[in-house]
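> We have chain C already, so just place chain X on it with the hints.
Spelled out, the chains give:
2 protein chains.
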Amino acid sequence: MKQEIDALMHQQHADALWISGAALHNPAMVYFTGGIHVTQADLFYRPRQEPVLFCGPMERDEAAKTGFRLRSYADFDYYAYLKQAQGDVLKAQGLRYQQMLEDIGLTQGKVVLYGVREFGPFYALLSELQRLLPNLHFYGDVNDAILLEARATKDEEELEHIRQMGRLTTRVVANTQDFLSGHTVRNETLIKSDGSPLTIGDVKSRINLWLAEYGAENPEDTIFAIGRDAGVPHSSGTPSDPIKLGQTIVYDIFPCEKGGGYFYDFTRTWCLGYAPDEVQQMYAQVLEIYNTVAAELSLDINPNTLQLRTCELFEAKGHETVRKNPRVTQGYVHSLGHGVGLDVHEKPWFGQADDPRNNLRPGSVFTLEPGLYYPEKGYGIRLEDTYYVSQAGKFAKFVDYPMDLVIPMPAK
Amino acid sequence: MKQEIDALMHQQHADALWISGAALHNPAMVYFTGGIHVTQADLFYRPRQEPVLFCGPMERDEAAKTGFRLRSYADFDYYAYLKQAQGDVLKAQGLRYQQMLEDIGLTQGKVVLYGVREFGPFYALLSELQRLLPNLHFYGDVNDAILLEARATKDEEELEHIRQMGRLTTRVVANTQDFLSGHTVRNETLIKSDGSPLTIGDVKSRINLWLAEYGAENPEDTIFAIGRDAGVPHSSGTPSDPIKLGQTIVYDIFPCEKGGGYFYDFTRTWCLGYAPDEVQQMYAQVLEIYNTVAAELSLDINPNTLQLRTCELFEAKGHETVRKNPRVTQGYVHSLGHGVGLDVHEKPWFGQADDPRNNLRPGSVFTLEPGLYYPEKGYGIRLEDTYYVSQAGKFAKFVDYPMDLVIPMPAK
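Protein chains in written order, with our numbering: chain C, 8 to 419; chain X, 8 to 419.
Isolated chain C (complex conformation) (with noise of 0.2 Å):
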């Protein structure tokens, strides 16, 4: 949670914090700043300190929103730094940002660098910086240990952003299951009123109209994939496939908040009409083997030793799984889960075994989504839902969804 930021800096001898991006679709500025509208920004935490705040004079209104002191780049013009410099650009921009930083006091000490940019230009930036404040010492986060730490537990707050998605995720897939079964039939075929055959991509597009109606977006696409694209967990489905009964079609949505906020993160498998002998199986294994791993959810657990578990309990089904091979691409194929929050991954991570910081808490979110995938076959399933951990160290899904595999079709 937020207000672990201080000693987790102290922890990894941290003097600063520097995010830098656009302030939409960029976590950790989200993080910081809640979802303002600017397209350029520089952050820069210290711990004792009011937050600095960078950006152009035309957006210091939304800037303003943050309370954070803020400072604009007008102060720093670019173009007498290119003078300077003789035109050379990088060197422009090193001395501009040199000013910038010698005049919030930070010329020294370990920064650990966030935010989601176009690293190219960033990283010649950075280089050029080190040469000019020598005394600076840049760092990426690689061991996940401040901010990311940080966001793995989730305050009251936070919970309910994630609980408000998952209302809104469920209503959308309540429409889709409604849209979908309010459709004639004809060769096993779903057909629109214009006659012709309902595709994955009609669907999408409905789904994006919900969503955006719902005040969400899906920046990352939905996966709404038919048949054997089913059996690839990560194909986002064919958009020009018809919709036909007896074929799995995997459901996966995961929105977040419009401009880039909380992520909710679900799927559903259904087969329309009805469902093969083989199917109707293999969905039974998946969530006898889901209920079972949700029912051994227990506190300071590694998440890790849930997947091994999974794998355990696929593997006694006669099925391969990623433990065996983890270039595997039938039967039990990826990671059990994942944490969710301002990322659709982020902490707690379910394949550090050894990592104790992963171990499910209060605060913690995560999915359950084990699967088993047949490509050849042409077929997959996934089953998933988005838990937490309460203050009180219960576990909890956000909400609560069928789980029937056939989506009957009515006769008409």
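Mixed in with the good hints, there may be bad ones.
Copies of the same chain are indistinguishable here, so a pair counts whether it falls within one copy or spans any two.
No more than 30 Å apart at the CA atoms, straight line, and that leaves these computed lysine-lysine pairs for DSS-like [what the hints assert, rightly or not]: (1) LYS117 x LYS98; (2) LYS265 x LYS331; (3) LYS265 x LYS9; (4) LYS384 x LYS331; (5) LYS72 x LYS324; (6) LYS199 x LYS324.
By construction, these hints were calculated from the structure, which means they are not laboratory data.
Chain X alone, transformed into the frame defined by chain C:
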């Protein structure tokens, strides 16, 4: 254009381009891959060699759409490297990428970095790699000399993408105009059917819905700002503000293709019902200057000449401008325009008088957007269209849209 990349690399003595990050909302990656759904990839481009694309094994089907040579991260087992590095995450990542680069024969020369991503850990990785592969040298394209220069001129296919976005954008603007003028007015305020005032937030929700319906998104939001907010160029508008008659509304909309493709950028300024005399007068000035500058567009002109010309025209009418004072907040306070493409702001730049690579030429796509801002007087005005230069050297807007200030509110 794309076919210039090899020559531009040669000019810059670049041996390889390394494009990293997601395939969506990552302009450099979209430029090469065309918008596949891959959450994390590394693309290596070298002249006269097939590009190599690294991605996760679950995303192989999406990645295959590029036709590039595919490599899987799973072939380089992270946990084996972690063991080798005795648990040091950064060393493990360094060893892994060292092996990946050695595998594709990229161990020396100048590598130019591109891509939008969380840069802290990547900065650390590059520093580590630099140690492991001392003959490899990483650069940022700080002079916009390779990819950004290639992207500065668009081929016919790209122009068509932008034209489609222009049609879509003006369709949303027309919907917005109809939506506003369809409202009842009470006490100078637009009223919803439930009797409450129509707000900026209500209008923005509609805009988002139309964008989703037509298959676009606005990752950087939309400016729909009224009154004083309209006088602050980058204020995006206050959601709770009611929509009132006689106040300037700056409507600046800059959506992109779903997933982060080509942008369009467009602004109109409206007064509902009527406009105060001063606003009418100032609007006429902005429109006149817009038309003057648009008529002076010519091949091989540096856009900075147009910016200075615009300042001159505004100054002649008694306004302050950025030419005289870069920190000005009243009068003409920003640049006349910018290039548009896979970024909403890209080359040609309007502030680089000395760099002929910004000169307007066949394939250039850019905005013209003069404006006047008087926040303390409660108004702002901006007019903007996106232009292109045809292969034959002709200048044209992509789409037309009326330039009326006053939107009549029919009596009810």
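> If the cutoff is 30 Å on CA atoms, where do LYS384 and LYS331 land: within, between, both or neither? Let me know, please.
Intra 21 Å, inter 70 Å, cutoff 30 Å: intra-copy only.
> How would you label the pair LYS199, LYS324 (within, between, both, or neither) given a Cα cut-off of 30 Å?
For LYS199 and LYS324, the Cα distance exceeds 30 Å both inside one copy (40 Å) and across copies (59 Å).
> Have a look at LYS117 and LYS98 and pick one of within, between, both or neither, based on CA distance no larger than 30 Å.
both (22 Å within a copy, 19 Å between copies)
> Treating 30 Å as the Cα threshold, decide for LYS72 and LYS324: within, between, both or neither.
Intra 55 Å, inter 34 Å, cutoff 30 Å: neither.
> Given a CA cutoff of 30 Å, do LYS265 and LYS331 count as a within-copy pair, a between-copy pair, both, or neither?
Neither way: LYS265 and LYS331 sit 40 Å apart in one copy and 38 Å across, limit 30 Å.
> When no copy is specified for LYS265 and LYS9, does a C-alpha distance of 30 Å or less occur within a copy, between copies, both, or neither?
Classified as within; 22 Å inside a copy, 33 Å across copies.
Violated hints, listed in ascending order, are 2, 5 and 6; each of the other numbered hints is respected by the structure.
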